[in-house]
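Position chain C relative to chain U; hints supplied.
Chains as they are written, first to last, in this note's numbering: chain U, 1 to 201; chain C, 1001 to 1227.
Wrong hints could be hidden among the right ones.
Unchecked claim - Covered stretches of chain C, going by a simulated chain U footprint (3 or more residues, C-beta under 8 Å):
id, region
1, 1007-1019
2, 1060-1073
3, 1216-1223
Unchecked claim - Heads up, incomplete: computed chain U residues facing chain C, CB under 10 Å, no partners named:
id, residue
4, 49
5, 65
6, 68
7, 77
8, 87
9, 97
10, 107
11, 109
12, 116
13, 118
14, 124
15, 185
Said to hold, decoys possible - Pairwise CB distance ranges (calculated):
id, chain 1, residue 1, chain 2, residue 2, range
16, C, 1219, U, 75, 49 to 59 Å
17, C, 1219, U, 148, 32 to 42 Å
18, C, 1022, U, 9, 41 to 51 Å
19, U, 147, C, 1207, 43 to 53 Å
20, U, 103, C, 1191, 56 to 66 Å
21, U, 100, C, 1084, 22 to 32 Å
22, C, 1083, U, 177, 31 to 41 Å
23, C, 1006, U, 22, 32 to 42 Å
24, U, 9, C, 1083, 25 to 35 Å
25, C, 1207, U, 175, 39 to 49 Å
26, U, 50, C, 1035, 41 to 51 Å
27, C, 1159, U, 9, 55 to 65 Å
28, U, 16, C, 1084, 42 to 52 Å
Simulated from the structure, these hints should not be mistaken for laboratory data.
Glycine is no exception: its CB is placed at the ideal position from the N, C-alpha and C atoms.
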Amino acid sequence: MTLQLDAVRKSYGANEVLRGFTGTFARGRIAALIGPNGAGKTTLLRIAAGLQHADGGTVSRAQVLYYGGFDTMPARGTIDAFRSALGLQRASDTRKLAKLSRGELQRVGLAAALELPSDALLLDEPWTALEPDARDELNGALQRIATDRIVVCSTHDLDQVARIADDFVFLAAGTAVWKKREDGGITRDELLRLYHESKSR
Amino acid sequence: MIRTRPPSAFRYLRLNGTFTSWFPFVFLLFLAWVLYSRVTADPVRFSPYLFLVLLPLAAGTGLLTAARSGRLDLLFGIGVTRLRLWSLAFVLAWLVPSLLAALLFAVSGVRDTAFVLMRLPAVLLFAGGISFAAGLVEMRYTIGVLWLLTRLIFMMTMGALEQSVRLSRGDLPSPDKLMLMIVALPEIMIERGVPVPYLVAAALIGSAALIGSCSWFARADFGGKRS
Chain U
1 MTLQLDAVRK SYGANEVLRG FTGTFARGRI AALIGPNGAG KTTLLRIAAG
51 LQHADGGTVS RAQVLYYGGF DTMPARGTID AFRSALGLQR ASDTRKLAKL
101 SRGELQRVGL AAALELPSDA LLLDEPWTAL EPDARDELNG ALQRIATDRI
151 VVCSTHDLDQ VARIADDFVF LAAGTAVWKK REDGGITRDE LLRLYHESKS
201 R
Chain C
1001 MIRTRPPSAF RYLRLNGTFT SWFPFVFLLF LAWVLYSRVT ADPVRFSPYL
1051 FLVLLPLAAG TGLLTAARSG RLDLLFGIGV TRLRLWSLAF VLAWLVPSLL
1101 AALLFAVSGV RDTAFVLMRL PAVLLFAGGI SFAAGLVEMR YTIGVLWLLT
1151 RLIFMMTMGA LEQSVRLSRG DLPSPDKLML MIVALPEIMI ERGVPVPYLV
1201 AAALIGSAAL IGSCSWFARA DFGGKRS
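Just chain U, with the same shape it has in the complex (with noise of 0.2 Å):
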């Protein structure tokens, strides 16, 4: 099972953000989007959900669950009536979605997405507003999930990924540069020069 995209282009305007993207995420990989502000990883991950639509090139997909972080999450209603409305166990809890830290909610919707049945998980910056432990469940989860499931997280968040995925992808400039944790020293250090690299392209 992959989620294939094959020469995909978007722009907006006169700014093109992706020249032809190619690329394939397997399932038991954990697939890292790295670049800087606008360079087009929202819009790479929304495209390969269905909800944008390219200028041209092809995406192959199986049933895909994108979640763009605790913004998107409704404004009304409870925790237990959210979950309720995917069809998720309740989780016996009535604390209003409006009452919530932007942390505490951002937890509610990466638990949903998580939960929720899907062939690949699409996760926008999933680390946002989550605190040091939080994070380490974040990242705990995913690699369980990874083992079935295709799992691709756009970030800026290079200490996780360093730790967690096994594929970065480093988006600028409408191009993408492919590197795979078997290549070898995948550190955080390693990660920021190649994000600088692929941004001074």
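Quick look at chain C alone, frame taken from chain U:
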């Protein structure tokens, strides 16, 4: 053991505030008013017409804005299609309010009920269809409020009031004036004096707006943070 329920797009939309939950209560109020009028044999039966005036407000959903901003991402992730979401919004924001309006007219005892019910779909399609299509985006109540203001301005114009009275007596104004009146006060199409071609044209415009809104929603880019 905690029981789980199947996922519900309806409940998820409600959490996102993308349908008008107050409308059924408004209907109940109007129904009570209509029934009271019947019991007391009140000859003034304008309450169903007033209900029609509120329809454009109920037809706004903001569904497209919610989808564009990423608030419906998880729904799409569990397999809910764009067409299903649009259909659900259509049923909740146009079909159900339209049926409630027809029911209100049916039980209100207005003169020539059958005649009114035959002409009613043109009003519902025109006013409801345009409001539903325009109300897919944020400021969902804008079109409804604008329509209310237009009515107010229209009714405050002496010439317009006079024209309405003459129309109810079968005295037809010039075609351009009649079109203007229909745009400002769609419910006048229920009057016997309005020729059928005007009703057909209004129904076609409303239907085109509804079909266009479906196509618009199906093709839209849901860009998330970029929207």
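Going through the hints against the structure:
1. 1007-1019: Holds, because 8 residues of the region 1007-1019 of chain C bring their Cβ atoms closer than 8 Å to Cβ atoms of chain U.
2. 1060-1073: Holds: 4 residues of the region 1060-1073 of chain C have a Cβ under 8 Å from chain U.
3. 1216-1223: Since 4 is at least three, the answer is holds.
4. 49: holds (7 Å)
5. 65: holds (3 Å)
6. 68: Result: holds, 4 Å to nearest chain C Cβ.
7. 77: Result: holds, 4 Å to nearest chain C Cβ.
8. 87: holds (3 Å)
9. 97: Since chain C brings a Cβ to about 8 Å from residue 97 (chain U), closer than 10 Å, the hint holds.
10. 107: violated (15 Å)
11. 109: Holds - the Cβ of residue 109 (chain U) comes within 10 Å of chain C, reaching about 8 Å at its closest.
12. 116: At 6 Å from the nearest chain C Cβ, residue 116 (chain U) passes the 10 Å test, so the hint holds.
13. 118: holds (6 Å)
14. 124: For residue 124 (chain U), the interface hint holds, since the closest Cβ of chain C sits about 7 Å away, which is under 10 Å.
15. 185: It is violated, given that the least Cβ distance between residue 185 (chain U) and chain C is near 33 Å, above 10 Å.
16. C:1219 - U:75: 49 to 59 Å: Because 27 Å falls outside the window, the suggested range is violated.
17. C:1219 - U:148: 32 to 42 Å: For residue 1219 (chain C) and residue 148 (chain U) the Cβ distance comes to about 34 Å; the hint holds.
18. C:1022 - U:9: 41 to 51 Å: For residue 9 (chain U) against residue 1022 (chain C), whose Cβ atoms are near 45 Å apart, the range 41 to 51 Å holds.
19. U:147 - C:1207: 43 to 53 Å: holds (51 Å)
20. U:103 - C:1191: 56 to 66 Å: holds (60 Å)
21. U:100 - C:1084: 22 to 32 Å: holds (29 Å)
22. C:1083 - U:177: 31 to 41 Å: At 38 Å between Cβs, range holds.
23. C:1006 - U:22: 32 to 42 Å: Between residue 1006 (chain C) and residue 22 (chain U), where Cβ atoms are some 38 Å apart, the hint holds.
24. U:9 - C:1083: 25 to 35 Å: holds (26 Å)
25. C:1207 - U:175: 39 to 49 Å: holds (47 Å)
26. U:50 - C:1035: 41 to 51 Å: With Cβ atoms ~49 Å apart, the hint holds.
27. C:1159 - U:9: 55 to 65 Å: holds (57 Å)
28. U:16 - C:1084: 42 to 52 Å: Since residue 16 (chain U) and residue 1084 (chain C) have Cβ atoms about 33 Å apart, the given range 42 to 52 Å is violated.
Of the numbered hints listed earlier, those contradicted by the structure are 10, 15, 16, 28.
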